[in-house]
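**Q** All chains, full assembly: derive it from the sequences and hints.
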Amino acid sequence: MGMFKTTEKLEEVLGGFFKLMADTPVIADKLLKSKLVIRFSYTDPDLVVVVDCSGEKIDVRPHDTDSKAIVEMSMSSDIAHRFWFGMVNLTKALTRKEMIAKGPIPKVLKLLPAIKPSYAMYPKYLDENGFEQYNITKAYKPPTA
Amino acid sequence: MGGYAGQILYIDLSSGRIEKKPLDMNFARKYIGGLGFGTQIYLDLIKDNPEFDALSEDNPFVLMTGPLTGLKMDGVARWAVGTKSPLTGFWGDANVGGYFGARLKFAGYDGIVITGKAEKPSYIFINDDVVEIRDAQKYWGKDIYETTDELSADLKSESAKPGQVVCIGPAGEQLITFASIINNKRHAAGRTGMGAVWGSKNLKAIYASGSGNIEISDPDKLKVLKEELKTVYEESIFIDAIHASGTPAHLDVGIISGDIPIKNWQMTEWDDIDDIGPGSIEDKIFAGHKTCYGCSVACKKDAEVKDGPYKMDKGPSPEYETVGTFGTMCLNKNIESIAKANDICNRYGIDTITCGATIAFAIDCFENGLINETDTEGIKLTWGNSEAIVEMCEKIAKKEGFGALLAEGSAKAALKIGKNASDFLTTVKGLEAPMHDPRNAHGYGLAYGISPRGACHEASLDFPVEGGSMYIPEIEELAVDIEEMSSDGKAILNVACQDYGMFFSSCAIFCNLGATPLNATQALSMVNYVTGFDYTLEEIINIGKRVWYLKRGLTNFFGARAKDDMLPKRLMTEMKDGPTEGSVPDMEKMLSEFYELRGFNKDGVPKKEVLEGIGLTTLAGLIYNN
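So the protein sequences, as listed, match chains A and B. Every letter in the first sequence is one number past the one before it in our numbering, and letter 50, counting from 1, is 50. Every letter in the second sequence is one number past the one before it in our numbering, and letter 230, counting from 1, is 230.
All the pointers check out, no bait thrown in.
Beta-carbon label-pair distances, calculated as ranges:
| # | chain 1 | residue 1 | chain 2 | residue 2 | range |
| --- | --- | --- | --- | --- | --- |
| 1 | B | Asp-481 | A | Asp-23 | 27 to 37 Å |
| 2 | A | Thr-137 | B | Lys-284 | 31 to 41 Å |
| 3 | B | Asn-601 | A | Lys-5 | 53 to 63 Å |
| 4 | A | Asp-23 | B | Met-572 | 35 to 45 Å |
| 5 | B | His-289 | A | Asp-29 | 29 to 39 Å |
| 6 | A | Lys-97 | B | Asp-577 | 27 to 37 Å |
| 7 | A | Asp-23 | B | Lys-576 | 23 to 33 Å |
| 8 | B | Asn-368 | A | Asp-64 | 54 to 64 Å |
Lysine-lysine pairs mimicking BS3-like chemistry, simulated, CA-CA at most 27 Å apart:
| # | chain 1 | residue 1 | chain 2 | residue 2 |
| --- | --- | --- | --- | --- |
| 9 | B | Lys-545 | A | Lys-92 |
| 10 | B | Lys-314 | A | Lys-107 |
| 11 | B | Lys-602 | B | Lys-569 |
| 12 | B | Lys-416 | B | Lys-398 |
| 13 | B | Lys-290 | A | Lys-107 |
| 14 | A | Lys-30 | A | Lys-107 |
| 15 | B | Lys-47 | B | Lys-117 |
| 16 | A | Lys-116 | B | Lys-284 |
So, partial list: chain B residues that the calculated Cβ filter (under 8 Å) puts toward chain A:
| # | residue |
| --- | --- |
| 17 | Asp-240 |
| 18 | Ser-245 |
| 19 | Ile-255 |
| 20 | Ser-257 |
| 21 | Asp-274 |
| 22 | Gly-279 |
Simulated from the structure, these hints should not be mistaken for laboratory data. Cβ coordinates follow ideal geometry from the N, Cα and C atoms, glycine included.
**A** What follows is the structure in structure tokens.
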């Protein structure tokens with residue numbers, strides 16, 4: 001069993017974070033320039049989220065299995081969660097097939113510097129939105145009873 | 001037997017004697033090729049007269065191909081050179097791609113052993129059976145591009161097949177201790193000053209042309225393997241990335257983990273990184289894809305700057321390491337200026353890592369008041385001053401003014417600058433560290449420390465394995481889950497990366513970029529199908545181990561001790577923020593474990609019985625009887 005017990009909770013946490021990034025100009029402006037449509041397929045628990053950067057605003061669409069994506073990324077929800085803390089060695093994860101990517105990957109790699117600020121945002125987002133138990137950074141202190 | 005050309009050339013420049021010695025297949029089986037051959041031959045040549053300066057005629061030079069060099073397959077175009085380094089004073093070697101290795105084998109030779117010193121500037125002409133030492137005075141003083149073009153044109157009519165030139169530029173002639181030798185204007189044996197050794201021997205170039213081919217022992221099995229590898233390569237994200245953007249693709253990935261040294265290793269984050277990243281390279285200087293012999297990966301790129309102060313004709317584009325040393329290390333966000341500095345280095349023939357890192361060191365000295373504009377003859381060596389960086393690069397290449405001091409490398413320059421200049425050094429054993437930060441992956445620190453040639457990410461496979469681009473599930477130590485920012489388990493990881501790495505990138509000689517997707521089974525099968533040998537994984541690891549001890553032992557014999565295995569202060573300083581915040585390799589722990597695993601004494605030298613136990617009795621005698 002992964003860190004997230006249900007698809008609903010995963011969608012709430014990660015889907016919410018994607019929407020926060022979509023509303024953060026320093027990140028969103030660069031993502032929009034890429035015009036990419038990326039489908040993330042998570043397992044354990046399962047969830048599909050499309051992040052559509054092809055329009056004027058980033059559109060985050062959970063459960064969208066129909067629309068055509070330019071890039072497909074598959075991974076466990078735990079790997080995805082750790083990624084947003086900056087704790088995943090992306091090269092290693094891709095080499096060891098912990099992440100599977102299909103599509104114009106060099107274009108995706110070029111987005112990495114753009115999303116770098118999100119690593120600092122994620123733990124803060126978790127703490128501020130009632131998801132403290134998912135904050136795995138060393139700075140996190142679980143609330144005492 | 002397949003794979004081998006069957007002869008090694010021995011050329012003594014002092015006497016003019018040229019010998020073609022048949023390759024002994026027992027020797028081939030025992031050492032595989034590349035620096036497996038080269039280190040053993042080198043040891044045999046120096047054992048009776050082991051005390052010499054790197055730039056003396058007594059220093060032999062070996063140039064070796066591997067059994068796969070010259071085959072039309074991905075990631076096997078490489079060849080290797082080795083000798084005592086004039087930069088470090090220890091064993092030095094470099095591994096290079098391009099086309100020369102293939103041509104040398106087509107001419108019928110697996111390698112060249114060069115001894116002595118020519119009376120006047122000379123080049124070696126090879127066209128199948130014809131091997132001659134010729135006058136090179138016409139080419140002396142000319143840069144790499146001019147020499148390559150002119151020699152190729154002048155010799156075209158003398159060989160049925162097109163030849164390949166490998167040469168030195170003015171930097172090698174002037175004995176700049178980080179001079180490189182370069183094939184086809186872009187493929188550089190860059191590190192540790194191999195070009196200066198050629199300069200000291202009055203050797204300007206080698207031209208090789210051949211009409212032969214390379215036999216494959218089991219072509220049917222190789223064909224099946226090549227089919228299997230098609231899928232492996234198609235699925236490799238790493239290959240996809242370096243095909244699209246070349247090695248600078250790492251700028252996008254490395255900035256996430258804190259792998260990229262910035263401001264002479266004082267920062268790991270920089271808002272301007274995109275200005276010199278793959279996107280900017282594509283937009284501003286990209287001018288086409290290039291490759292090495294037989295390789296479809298095509299990770300080499302051309303660049304062109306059409307106008308402005310950094311105008312340069314279409315030519316080799318800067319690699320990741322070069323963008324790092326002339327870019328991030330100097331806080332230089334002008335990609336055109338980096339392309340220009342790369343162009344200068346290629347034309348004069350100098351190592352871009354040492355050159356750029358030495359300029360970053362000099363900027364640190366300038367900014368901290370250790371040197372001033374009087375010293376630099378008016379050049380304001382400040383962070384991000386693109387114009388000054390390019391100007392100083394040219395002065396180094398020409399050995400002019402303050403550039404002449406920096407042309408000795410940063411370690412020697414620090415001694416002359418004095419005060420606390422050594423605080424700004426990034427060298428191990430006198431070699432400037434490459435652009436991968438051990439604070440992001442502690443095993444890199446150990447790899448830099450114990451590398452026989454000095455701080456180097458290519459001296460073993462630790463960088464691709466710990467960094468994640470390579471996965472070798474057949475070797476237990478390389479298949480474990482690695483925690484990068486920890487020093488636990490890194491000694492045993494490094495040992496395994498050295499032993500397998502010596503087979504992979506020094507002996508066989510696979511490319512650490514184009515052959516990255518291969519696992520051990522595939523790499524080993526390729527060697528067996530080509531050569532007809534029946535190596536086992538255990539056997540090649542033992543061969544690799546022996547080569548590693550031989551390189552390390554030569555470096556020890558030339559004077560390196562435990563103190564030379566330490567990282568400089570700059571690489572050991574804790575970052576206060578960013579991805580590597582608070583992370584510093586525990587060198588004491590890793591070195592202690594490593595010495596134990598390798599059977600070293602406290603001085604950092606392999607024990608006599610350890611060397612004798614793996615058949616290096618001659619080396620043991622040299623180290624312990626001198």
